[in-house]
Amino acid sequence: MVYSKDFLLNLYKTMVKIRNFELMAEKLFLEGELLGFIHLYIGEEAIATGVMANLRKDDFITSTHRGHGHMIAKGADVNRMMAELYGRTTGYCKGKGGSMHIADFSIGVLGANGVVGGGLPIAVGAGLGIKMKKADQVVVAFFGDGASNTGAFHESLNFASIYRLPLIFIVENNHYASTASTKETTAIENISDRAVSYGIPGVTIDGNDIIVVYEIAKEMIKRAREGGGPSLIEAKTYRIKGHFVGDPELYRDKKEVEEFWLKEPIKKFEKKLFELKMLNEVEKKKIWENNQKEIKEAAKFAKESPIPSNKEALTDLFVNDSGYDY
Amino acid sequence: MREITFAEALGEAISEEMGKNPTIFTYGEDVAKQGGIFGAYKSFSGKFSGRIFDTPISEEVIYGSALGAALVGMRPIAEFHFADFLFTGIQSITLQIEKIRYMTGGQGKLHLLLRGPDGISNSAAAQHSESIETIFMHTPGIKVIIPSTPYDIKGLIKTALREDDPVICFEHKMLYKTKGFVPEKEYLIPFGVADIKKEGNDVTVVTMSRMVHESLKAAEELEHEGISVEVIDLRTLVPWDKNQVIESVKKTGRLVVAHETWKRAGWGAEIASVVQEEAFDYLDAPVIRVGAKNVPMPFASTLQDFVTPNYKDVINAVKKVLR
Chain A
1389 MVYSKDFLLN LYKTMVKIRN FELMAEKLFL EGELLGFIHL YIGEEAIATG
1439 VMANLRKDDF ITSTHRGHGH MIAKGADVNR MMAELYGRTT GYCKGKGGSM
1489 HIADFSIGVL GANGVVGGGL PIAVGAGLGI KMKKADQVVV AFFGDGASNT
1539 GAFHESLNFA SIYRLPLIFI VENNHYASTA STKETTAIEN ISDRAVSYGI
1589 PGVTIDGNDI IVVYEIAKEM IKRAREGGGP SLIEAKTYRI KGHFVGDPEL
1639 YRDKKEVEEF WLKEPIKKFE KKLFELKMLN EVEKKKIWEN NQKEIKEAAK
1689 FAKESPIPSN KEALTDLFVN DSGYDY
Chain B
51 MREITFAEAL GEAISEEMGK NPTIFTYGED VAKQGGIFGA YKSFSGKFSG
101 RIFDTPISEE VIYGSALGAA LVGMRPIAEF HFADFLFTGI QSITLQIEKI
151 RYMTGGQGKL HLLLRGPDGI SNSAAAQHSE SIETIFMHTP GIKVIIPSTP
201 YDIKGLIKTA LREDDPVICF EHKMLYKTKG FVPEKEYLIP FGVADIKKEG
251 NDVTVVTMSR MVHESLKAAE ELEHEGISVE VIDLRTLVPW DKNQVIESVK
301 KTGRLVVAHE TWKRAGWGAE IASVVQEEAF DYLDAPVIRV GAKNVPMPFA
351 STLQDFVTPN YKDVINAVKK VLR
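One line per chain: the protein sequences are A and B, in this order. Under the working numbering, read the first sequence as residues 1389 to 1714, first letter to last. Under the working numbering, read the second sequence as residues 51 to 373, first letter to last.
Don't read these hints as lab results, they were simulated from the structure. Where hints are given, some of them may not hold.
Here are the in silico distance ranges between beta carbons for each label pair [unchecked claim]:
(1) A:S1566 to B:R52: 29 to 37 Å
(2) A:L1411 to B:G123: 35 to 43 Å
(3) B:S351 to A:G1634: 31 to 39 Å
(4) B:R212 to A:W1649: 54 to 62 Å
(5) B:D80 to A:E1637: 19 to 27 Å
(6) B:E66 to A:H1563: 50 to 58 Å
The structure presented is a predicted model; accordingly, all values stated were derived computationally and were not measured. Every residue, glycine too, gets a C-beta built ideally from N, C-alpha and C.
Could you build the full structure based on these sequences and the hints that come with them?
Now the structure itself:
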């Protein structure tokens, strides 16, 4: 497959944008600027980027607690994202969701989710709704290896399969479910093998190779859009940072982490772009610097945005709250 | 006016709204072929091909998928087989449906309805007899309706199917076959408006569901003893009609709250507490609660009857607040 330079550089820029956003979020958290829990997508950027490059704006996704990358790749505004991390009125959720509940329904992101596996039934419902409407949208459910051990995973894949719903289940196997290694908590080596139980295609791929992700996602999305039903893609990756910012990481060897820094997806893709002569040091520097500036401005926008008033806490529960006692 | 059953009134409400609104569809375990475990869908089965279907026994997905379908513009009705089983998929309700609009800053409209049977019947025992409505009053984010008559269920379900907020409806198993007057002409019943099922002056009884009928029976017996009981059917628990209850208490000065669910921390405790906070000066006696004994539902019918409240418990409570 031959790709245009523009196309590949756009993928690269999206990955860089996710990386810089996450590095800024980490820095701000460690400086005490941000509260709550921040789960970084560093090292997993190729998956969201490669998948989303195949989606239309009116397609839907469900995300996870590690959801910043999915939002950015689906086209979210980093200013409003950063403002949400700060808990400001200009944030995507007006400061009521934070990092773990960031969402933008208008671009098809039906929510990050603080419950492992929590997004799967929602994605199934979106697929069911699309089928009832006879529309040609698709839904991508992102979740981790941890979620693949929940009951929701089993119920959702079976449900999606029997009704041939337009879904793509993407398990981002990043080796750890919180502090527990996937090897110790999952009975099989390749989670995609579980697809057999639901009569759907399952494939395990290198989730750190953006082109591989892009190609497989393209095939499965096309299949879903044309009525072929759901599929399960296991994208193997590695969670280079801790489970959350501040995680003491007592459960793994530093050497293991160092090893994966060498295999991380942005460097891997850069190497390819250099080989193809689509990128050089000067251009690379420019891309990173431009983006760092954009992210810095997002942080500034967020910090300078207003803090919500207390009465904001008593809105948005219901569309029609007449008679409801807060 | 014609008389129809509670199940038929429910079927009419859904069928009429499905006829008007193509985004409504309904699914759950045993709903399509069987028409629902207690026949709730029998009156219109076969009418809406493709829009009524049976699902696998996957509670977490049945409720969670209603949320997803609502977010893409549909108006799903998901049936829970028995209220008890809500616990097996409860994260989809309490962690997702109830919270997603709030935690995303008001994005999306969650026009979805969860409905199904609750309560005791025929020695169904501990895992098929529960009334768990209080949980959804305690956790903010879903509207709770609990009709007691064919008239009420038709009007409330029709309202629910035009709401833009999530609604859960509990239908007592022993009510499905009961009959009542239902006009042929269309009507809606707004949420948060209680119905005075019987007017009275001496004691207010606030109740819902099957206990409405037990309370009316108690009121009738007490009438012979010269005691005038006002029976208020809240009809919707979230929101509940605080004004109507307080107005009645101002008149009678005495309050009994009667429900089939457990007495301990049941919703009656909330009603009693709010009334004493906001209308203490009008009370002439402590508020008394009537509820089930705090054990799982036993199987033997004599034991079931022993732990479940009935009209006699309401009579005793009324007499107690009059002492």
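Check each numbered hint from earlier against the structure, then list the numbers of those it violates in ascending order. 1, 3 and 5
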